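Q: These protein sequence lines map, in sequence, to chains A and B.
With the working numbering, the residue at position 26 of the first sequence is 26, and numbering never jumps.
With the working numbering, the residue at position 575 of the second sequence is 575, and numbering never jumps.
What the hints contain is simulated information worked out from the structure, not anything from laboratory work.
Some hints could be false.
[To be verified] Quick list of in silico lysine to any residue cross-link-like pairs, SDA-like style, CA-CA up to 20 angstroms:
hint : chain 1 : residue 1 : chain 2 : residue 2
1    : A       : Lys-92    : B       : Ile-338
2    : A       : Lys-92    : B       : Lys-135
3    : B       : Lys-135   : B       : Glu-442
4    : B       : Lys-230   : B       : Ile-338
5    : B       : Lys-214   : B       : Tyr-453
6    : A       : Lys-92    : B       : Ile-251
7    : B       : Lys-230   : B       : Thr-304
8    : B       : Lys-335   : A       : Gly-198
9    : B       : Lys-261   : A       : Ser-100
10   : B       : Lys-261   : A       : Phe-95
11   : A       : Lys-92    : B       : Gln-249
12   : A       : Lys-92    : B       : Ile-285
13   : A       : Lys-92    : B       : Lys-335
14   : B       : Lys-174   : B       : Asp-383
15   : A       : Lys-92    : B       : Lys-261
16   : A       : Lys-116   : B       : Asp-253
[To be verified] Some chain A residues judged to face chain B by a derived CB distance under 8 angstroms, without partners named:
hint : residue
17   : Ser-73
18   : Leu-76
19   : Val-93
20   : Gln-285
21   : Thr-288
22   : Phe-303
23   : His-307
Please read all numbers here as calculations on a predicted model, not as lab measurements.
Even glycine gets a Cβ: it sits at the ideal position worked out from N, Cα and C.
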Amino acid sequence: MSDDLYDPSDRPLEPTDDQPLDTVEASDAIRDKVRMDLAGGDVGAVTSGGLWRTAGREVLRKKSAIVGMALLSILLLLAVFAPIIAPYPPNKVLFDEGVSPRDPPCVHLFGCDEDKPQHILGIDGNGRDYFSRIVYGARVSLLAAFVAVLFAVVWGTMVGLVAGFFGGWVDNVLMRVMDVLLSFPSLLLAIVVVTVLGPGLINAILAIAIVTIPQYARIVRSSVLSIREQEYVSADQALGVTRWRLLAHRIFPNTLTPLIVIATLGVATAVLEIASLSFLGLGIQPPTAEWGSMLAAERNQVFTAPHLVFFAGLMIMWTVLGFNLLGDGLRDAIDPRLGR
Amino acid sequence: MKRFSKLLALVFVMALIAAACGSSSDDTTTTTAASGGAETTTTVAATTTTSGGAETTTTAAAGSDFPGLMVEAACDDETNKSHINYIKAVDANTVEIQLCTQDVAFPAKVAFSAFGIVPQEYLDANTGGGDLVDKPIGTGPYKLTQWDKGNQIVMEVNPDYWGEAPNADTLVFKWSSEAAQRYLELQAGTVDGIDNPGRDDFALIADSPDLQLKERAGTNIFYLGLNRDKEPFGDEKVRQAIGYALDRQRIIDNFYPPGSKVADQFMPDSIFGYTPEPKWYDQDIEKAKALLAEAGFADGFEVTLNYRDVVRSYLPSPATVGQDIQAQLAEIGVKVTIEVMESGAFLDASDAGDLTMYMLGWGADYPDATNFLDFHFGKNASDQFGAGFEDIWALLDEGASTPDPAARLVIYEQATQLLKDHVPMVPVAHGGSGVGYLGDVEGAHASPLGNEYFAVMDPGGRDTFVWMQNAEPIGLYCADETDGESLRGCEQIVEQLLAYEIGGTDVIASLAETWDVSDDGTLWTFHLRSGVVFHDGSTFDANDVVASYDAQWDMNSPNHTGRDGNFTYWDALFGFKNNTG
């Protein structure tokens with residue numbers, strides 16, 4: 001994170017429009033002086049490298065965060081090594097191999113008849129191995145949720161930075177647009193977006209990303225508003241640092257802390273929303289294995305084949321719990337106002 | 001500056017008002033022009049009333065002062081694409097219908113729920129649409145009290161009913177697309193009867209001492225429709241390839257309840273017109289691939305499969321069947337994208353011929369081949385399979401006008417062979433289904449035609465009978481509905497001239513006490529029941545019959561409105577008058 005510190009050698013030697021040549025050397029000299037004065041002082045902005053290291057240690061001290069990370073690690077392994085872990089391709093119909101729809105789990109070790117083919121989580125309504133579909137479902141859910149959050153964070157950050165830094169009518173226009181987005185219940189808005197764009201994985205990701213942009217934009221904007229008033233920013237401004245440079249190297253790095261916490265919790269929400277959209281038939285389309293649509297497909301058989309509803313639901317819970325525990329741990333670790 | 005903005009705003013508002021007035025006056029002009037041009041009626045007698053452009057002749061029969069209506073269209077007129085020559089109210093209690101050609105299934109058609117009789121005044125007052133759809137008025141044992149959209153329909157007993165009074169004072173229709181929820185409600189006793197228990201709930205209901213299961217024979221067909229107007233199904237070889245590719249037995253074995261059968265042809269075997277031969281193609285993947293290669297699709301193609309996620313007797317689990325068809329077609333290289341549609345939109349789109357490949361089915365409305373074959377593949381059929389097949393049309397016309405059953409069967413055997421050659425659809429299953437009731441419901445039955453009649457059921461002495469079906473009726477003016485869930489609703493409220501026996505398929509008297517036919521089999525006379533009153537208190541007479549039929553028959557009638565104006569059943573069974581389209 002030492003990049004965050006201003007390095008005078010980055011400075012262009014050529015005069016710029018807003019900085020005539022004769023002031024450049026003067027301002028460099030002043031800045032060096034200021035830096036020396038600040039060295040060792042407790043200024044959040046310039047010691048962020050240290051913050052991250054502290055945060056890392058704090059996170060590892062939180063039991064809940066460790067549990068969260070463990071849950072997520074298992075999921076990640078499932079997703080990455082799905083082709084190795086899953087005994088069958090997720091969409092392979094196994095009627096030729098002596099199964100019938102919604103066969104209960106059969107594990108030879110636990111006393112299932114040796115003559116029957118082994119399917120540890122049973123067979124789904126279309127004669128496919130349920131365990132394989134659960135495993136492959138991890139890929140879809142995690143990938144979709146990560147991409148959606150990444151998209152939302154990128155756009156939300158840009159909107160928040162611009163709105164907070166420039167203020168005035170830019171701020172007004174951008175934030176009112178965000179308010180409009182926020183005024184809809186997020187799932188409802190996502191359904192509207194998918195209805196307009198048409199169902200499918202990409203559109204579902206887009207829908208969820210769009211509805212969560214305001215969340216990030218607001219967080220970033222409020223951080224920017226407070227950071228903008230910090231002395232080190234004023235000092236840089238006084239020294240004539242360009243606005244874009246100020247934004248990219250001073251303000252943006254300092255908004256990351258809350259952003260990371262919110263984004264981690266946001267992944268949990270995104271997993272849920274992807275599953276909800278798929279449950280409603282608006283997200284991932286069959287035959288792709290996805291927990292929400294698997295749950296929807298078998299919901300009517302909850303009395304006769306409960307395993308088909310149970311495991312898909314369990315996986316969604318597992319993922320959401322994992323991200324929530326990790327997010328909470330991160331927040332406790334990073335937020336200086338809590339517990340330190 | 002401020003004043004200028006105000007001025008600008010004022011101008012804007014005035015412009016808006018001007019635009020609004022302008023467009024509304026345009027509308028008026030269009031309406032007048034549109035209702036201007038219709039006259040195919042031949043004058044027979046006394047007065048001619050003209051309402052909005054379509055002519056209806058009123059004739060006073062000799063010796064009575066009843067101004068009987070008569071509507072007619074010349075049989076050889078090219079705008080009369082119907083089998084009907086005229087419909088006439090001879091006197092208050094007699095209706096004559098002259099057909100252009102003999103139709104042996106005519107009484108069975110007349111008894112069908114789409115041809116219910118509604119009051120003439122109510123039709124006119126709503127110009128054939130509007131309240132007719134939401135607030136139907138009929139002569140049936142129950143009258144509509146309230147349709148709480150999205151929630152339930154409440155009907156109460158009709159105190160003036162001409163027949164035997166219903167057992168329960170109140171009849172409530174509820175619906176849930178979830179088989180599990182329907183079963184749960186029945187088990188909890190909050191409903192008295194449920195339609196279509198889930199595949200796995202059959203045994204649970206049959207075995208329970210508190211519940212009873214009535215099985216419904218598979219008088220239906222589930223098919224995979226292929227639209228020849230949409231590529232690549234314009235090529236017969238591609239359609240045949242799909243016909244060879246499907247393992248239909250696997251679908252029945254895995255996704256259908258007990259009592260279901262693989263469909264070897266479009267007709268179920270319990271309906272007249274079924275012939276044991278020809279049977280459908282046996283599954284042959286290699287043959288299917290070869291046909292695709294011949295048609296230039298050696299690497300397969302991409303296609304969308306549409307369906308509605310609504311449980312029907314013919315299709316008890318749409319989603320799993322859809323995915324299985326998707327998986328099966330992948331074997332011959334056809335990449336299927338599944339697209340689920342809302343029920344009403346799906347039916348409209350398939351009728352309009354907008355869908356390429358879709359899963360749909362048909363339950364018998366009346367027990368005759370014409371209900372299956374003519375409705376789908378006849379000259380007047382909808383565009384669901386694209387442009388029809390003229391060789392099939394000719395055979396079906398011949399079949400409908402041949403009185404000798406043995407000769408008809410020969411014709412239908414040929415038609416079935418042509419369906420196998422052309423493959424406008426792949427017949428998949430005749431789905432067995434059932435109806436579940438609480439154990440104490442007396443008179444519980446399952447109708448092979450799907451029209452359970454609740455007036456004869458006694459819910460264990462309770463005064464309300466609650467019925468839960470798969471879906472909400474789309475509309476209750478059944479002249480313009482094709483959906484079984486809507487028809488069942490109408491059947492409690494509105495009656496036809498004839499009806500089907502309860503729980504069976506034989507045609508019995510209803511609003512007409514007796515009926516007879518001329519020796520040449522074309523002139524049908526219906527003698528109406530007297531003293532019947534509608535739910536609104538008006539008296540039922542022959543003019544109500546003529547008006548109800550004419551609204552459906554005549555495309556130029558101001559009452560030819562309905563919910564969406566398709567009048568699919570009338571078009572398919574009798575054909576429209578003034579059909580210039």
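Q: For each hint, tell me whether it holds in the structure or not.
A: Verification of the supplied hints:
Between Lys-92(A) and Ile-338(B) the alpha-carbon distance is near 17 angstroms, which keeps this suggested pair within the 20 angstroms criterion. Our distance criterion of 20 angstroms between C-alpha atoms is broken by Lys-92(A) and Lys-135(B), whose separation comes to about 50 angstroms. For the given pair, Lys-135(B) sits about 29 angstroms from Glu-442(B) by alpha-carbon distance, which is inconsistent with the 20 angstroms threshold. Under the criterion of a C-alpha separation no larger than 20 angstroms, the hint pairing Lys-230(B) with Ile-338(B) is consistent with the structure, at around 17 angstroms.
Taking the CA atoms of Lys-214(B) and Tyr-453(B), the gap is near 14 angstroms; set against the 20 angstroms cutoff, the hint holds. Between Lys-92(A) and Ile-251(B) the CA atoms are separated by roughly 16 angstroms; this keeps the pair inside 20 angstroms, and the hint holds. Annotation: proposed proximity of Lys-230(B) to Thr-304(B) holds, straight-line Cα distance about 11 angstroms (limit 20 angstroms). Restraint check for Lys-335(B) and Gly-198(A): satisfied, since their Cα atoms lie roughly 19 angstroms apart, inside the 20 angstroms limit.
Note on Lys-261(B) and Ser-100(A): the hinted pairing holds, with a Cα-Cα distance of about 18 angstroms set against a maximum of 20 angstroms. Between Lys-261(B) and Phe-95(A) the CA atoms are separated by roughly 19 angstroms; this keeps the pair inside 20 angstroms, and the hint holds. This hinted pair checks out: Lys-92(A) and Gln-249(B) have alpha carbons roughly 18 angstroms apart, not beyond 20 angstroms. Proximity of Lys-92(A) to Ile-285(B) is assessed by CA-CA distance (about 17 angstroms); at most 20 angstroms being required, the pair is judged to hold.
The hinted pair formed by Lys-92(A) and Lys-335(B) meets the criterion: a straight-line CA distance of about 15 angstroms does not exceed 20 angstroms. A distance of roughly 32 angstroms separates the Cα atoms of Lys-174(B) and Asp-383(B); the hinted pair therefore is violated under the 20 angstroms criterion. For the proposed pair Lys-92(A) and Lys-261(B), the alpha carbon gap of about 25 angstroms is over 20 angstroms, so the pair is violated. With a C-alpha separation of about 19 angstroms, the suggested pairing of Lys-116(A) with Asp-253(B) holds against the 20 angstroms cut-off.
For the restraint placing Ser-73(A) at the interface with chain B, the shortest Cβ-Cβ distance is roughly 32 angstroms, beyond the 8 angstroms limit, so the hint is violated. With a cut of 8 angstroms, the hint placing Leu-76(A) at the interface with chain B is violated, because the nearest CB-to-CB distance is about 28 angstroms. Hint status for Val-93(A) relative to chain B: holds, with the closest Cβ pair at about 5 angstroms, below 8 angstroms. A least Cβ separation of about 6 angstroms between Gln-285(A) and chain B falls short of the 8 angstroms threshold, and the interface hint therefore holds.
Violation of the interface hint for Thr-288(A) is found here, the shortest Cβ-Cβ separation to chain B being roughly 10 angstroms, above the 8 angstroms cut-off. At a threshold of 8 angstroms, the smallest CB-CB gap from Phe-303(A) to chain B is about 6 angstroms, leaving the interface hint in force. Interface restraint check for His-307(A): the shortest CB-CB distance to chain B comes to about 14 angstroms, outside 8 angstroms, so the restraint is violated.
Checked against the numbered hints given earlier, the structure breaks hints 2, 3, 14, 15, 17, 18, 21 and 23 and satisfies all the rest.
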